[in-house]
Amino acid sequence: MDTMSDLPLGLRDPVHDAQAAFRAALRALSRPGEPVSYPISGPPVAGLMPATAALLLALTDHETPVWWNHDGPLRWLRFHTGAPAVTEPGQALFGVVRAGGAAAPLTQFNPGTDAQPERSATVLIELPALCGGSAVQWSGPGLREPVVRRLAGLPAGFWRQWSNNHGLFPGGVDVLFTCGHDIVGLPRTTRAIEREDC
Amino acid sequence: MTMHGQIELAPDGSAEYPGVRQAWLALLARADIEELDQAFSRLAPPPRYEFLRPPESGMVMLRARIGGTGDPFHLGEASVTRCSVRIHGGHTGTGYVLGRQRRKAELVALFDALLMEPDNRSDLERSLLRPLRERLRDERAAGAQSSGTTKVEFFTMVRGD
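Protein sequence lines correspond, in order, to chains A and B. Here the first sequence is numbered in this note's numbering, starting from 1 and rising by one per residue. Here the second sequence is numbered in this note's numbering, starting from 1001 and rising by one per residue.
Hints are supplied without guarantee of correctness; some may be wrong.
[Claimed, not checked] A few chain A positions that, by computed beta-carbon distances, are all more than 10 Å from chain B:
#1 G10
#2 H80
#3 E118
#4 R191
[Claimed, not checked] Label-pair restraints from in silico Cβ distances:
#5 B/T1150 to A/R75: 37 to 43 Å
#6 A/D114 to B/S1057: 37 to 43 Å
#7 B/A1026 to A/G140: 41 to 47 Å
#8 B/V1060 to A/L74: 49 to 55 Å
#9 B/V1060 to A/R78: 15 to 21 Å
#10 A/P105 to B/V1060: 40 to 46 Å
#11 A/S41 to B/S1057: 27 to 33 Å
#12 A/A115 to B/S1147: 43 to 49 Å
#13 B/R1140 to A/D61: 38 to 44 Å
#14 B/R1140 to A/R78: 36 to 42 Å
#15 A/L9 to B/M1059: 44 to 50 Å
#16 B/G1019 to A/L9: 27 to 33 Å
[As the list claims (entries may be wrong)] A short list of chain A residues far from chain B (calculated; beta carbon distances all over 10 Å):
#17 R23
#18 L26
#19 S30
#20 T122
Source of the hints: derived by calculation from the structure; they are not laboratory data. Everything numeric in this text was worked out from a predicted model, so none of it was measured. For each residue, glycine too, the CB sits at the ideal point set by N, CA and C.
With the hints as constraints, model all of the structure from the sequences given.
As C-alpha cells, then:
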C-alpha cells in the first residue's frame, strides 16, 4: 500500500525557513520570556503548532532522538529529518509535549553532565495561550529586570520541577514554549518564582 | 498487492508488488535523462505534483564483497541524488539515482508515483520501460560479447601419477 499519500510537507524553503526557525529559537533563549514570532507559514502538520513543527524540522536530525507525550506525527518527522522516536524521555534529546496532554516530569529528561552540559535535552511545550495563567517572576541572564509572565496551561507542578532543574546548573534542560507561531524561551539559567501577590 | 494487466515488470516474473516496484525503480535509475524527459513530454495532460522532498544530493558508501571469504568491504563513496514527489490526488513516488542530476531524480520519483497507479502501467510499460529494458539488455549483451573474446578458459590438468 502507498502509505505516504497523507504525509505533510516539510519546510517550503529548507535552508531559509530552517535558518529563520533557528534564529527564533536563539532569540527566544537569549531573551527569556519574550515571545518571538516564527514568521513563516509552512505547510500545516496535523497535531502540531506551526512553531513546533518548524523547530522540529530545523533542529532535529538522525542523531537527535525525539520523545513525544502523544501519538505525534512520527512518520512525518522521520521522513523529513530522520529523527528517531524513543519511548523513554531519558533517551531523548528533544521532547515534544502537547497542550493538555500528560507530560513527563522535567526531571526524567537528560540534564547532561557537568563535563558535557550541552548533551542535555530541549523540551518543546505547546501552550494554549501565552498569557492568562498564574503569575511567575522570571529573572536571570538575558533579563535586565525581573519580569512577570503568566503562561497558561502548563503541566501540573511545572514550576516546582523547574526550580529543581535550575539547581542542576550547568546541567539541566532548556524549554521552548510554543503557541501558534510564537516561541518563548526558558533556558536553564532562568530562575522562576511563583508569585501570589500580582 | 497484486499486479494488474499483463505487463512484465519483474525480471523474475513475480507478481509481488515490492519486487515489481524495485524492478521499475532499478530500470528508471539506469535511464538517461533524455529518455525520461522525452517520456515526460509525452504525458498528456502533464501531471501536477508537489515536492515532498525536493531533489537533494548526498553521498552513500558503496559496499562490496571480496572474493574468497566474501567479507564486505567499503569500496568507496558515490554521490547520489534523491527526491520524493506527490501527484495531486495520487501516489507518492521516490527516486534515488547515482550522480548529481536533480532533474533525473525528480523524473524518476514522478514516474514511480505514476507507475503505482495501475491504470498508467501498460502505457508507461510500452512507452518507457520496455524500450529502456531492451536498450539496457542490448548494451549488456554487446558488452558481454566484446569482453567474451578476451575470455581465457582454464583447464585443470590431472596429473597421472
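Right, here's what the structure says about each hint:
Annotated as non-interface, A/G10 brings its C-beta within 10 Å of a C-beta of chain B; the closest such distance is 7 Å. Not every beta carbon of chain B lies more than 10 Å from that of A/H80, the smallest distance being close to 7 Å; the non-interface claim is violated. Here A/E118 stays apart from chain B, with its beta-carbon at least about 26 Å from theirs, past the 10 Å limit. Once the 10 Å rule is applied to beta carbons, A/R191 is consistent with being away from chain B; the minimum gap is 43 Å.
Between B/T1150 and A/R75, the C-beta spacing of about 51 Å breaks the proposed range 37 to 43 Å. Judged by the Cβ atoms, the range 37 to 43 Å given for A/D114 and B/S1057 holds: they are separated by roughly 41 Å. Between B/A1026 and A/G140 the beta carbons are some 58 Å apart, a value that contradicts the proposed interval 41 to 47 Å. Judged by the Cβ atoms, the range 49 to 55 Å given for B/V1060 and A/L74 is violated: they are separated by roughly 25 Å.
A C-beta distance of roughly 19 Å is found between B/V1060 and A/R78, which places it inside the suggested range of 15 to 21 Å. In this structure the supplied range 40 to 46 Å holds for A/P105 paired with B/V1060, their Cβ-Cβ distance being about 41 Å. In this structure, A/S41 and B/S1057 meet the distance hint of 27 to 33 Å, their C-beta atoms being roughly 28 Å apart. Between A/A115 and B/S1147 the beta carbons are some 59 Å apart, a value that contradicts the proposed interval 43 to 49 Å.
In this structure the hint that B/R1140 and A/D61 lie 38 to 44 Å apart at CB holds, the actual value being about 40 Å. A beta carbon spacing of about 37 Å between B/R1140 and A/R78 agrees with the range 36 to 42 Å that was offered as a hint. Distance hint check for A/L9 and B/M1059: the Cβ-Cβ separation is about 25 Å, which falls outside the suggested range of 44 to 50 Å. In this structure, B/G1019 and A/L9 meet the distance hint of 27 to 33 Å, their C-beta atoms being roughly 29 Å apart.
Every CB of chain B lies more than 10 Å from the CB of A/R23, the least distance being 22 Å, so the non-interface label holds. No beta-carbon of chain B comes within 10 Å of the beta-carbon of A/L26; the shortest separation is about 25 Å. Distance check on A/S30: its Cβ is at least 31 Å (rounded) from any Cβ of chain B, clearing the 10 Å threshold; non-interface status holds. With a cut of 10 Å on Cβ distances, A/T122 stays outside the contact zone with chain B, its closest approach being about 25 Å.
Hint violations for this structure: numbers 1, 2, 5, 7, 8, 12 and 15, all remaining hints satisfied.
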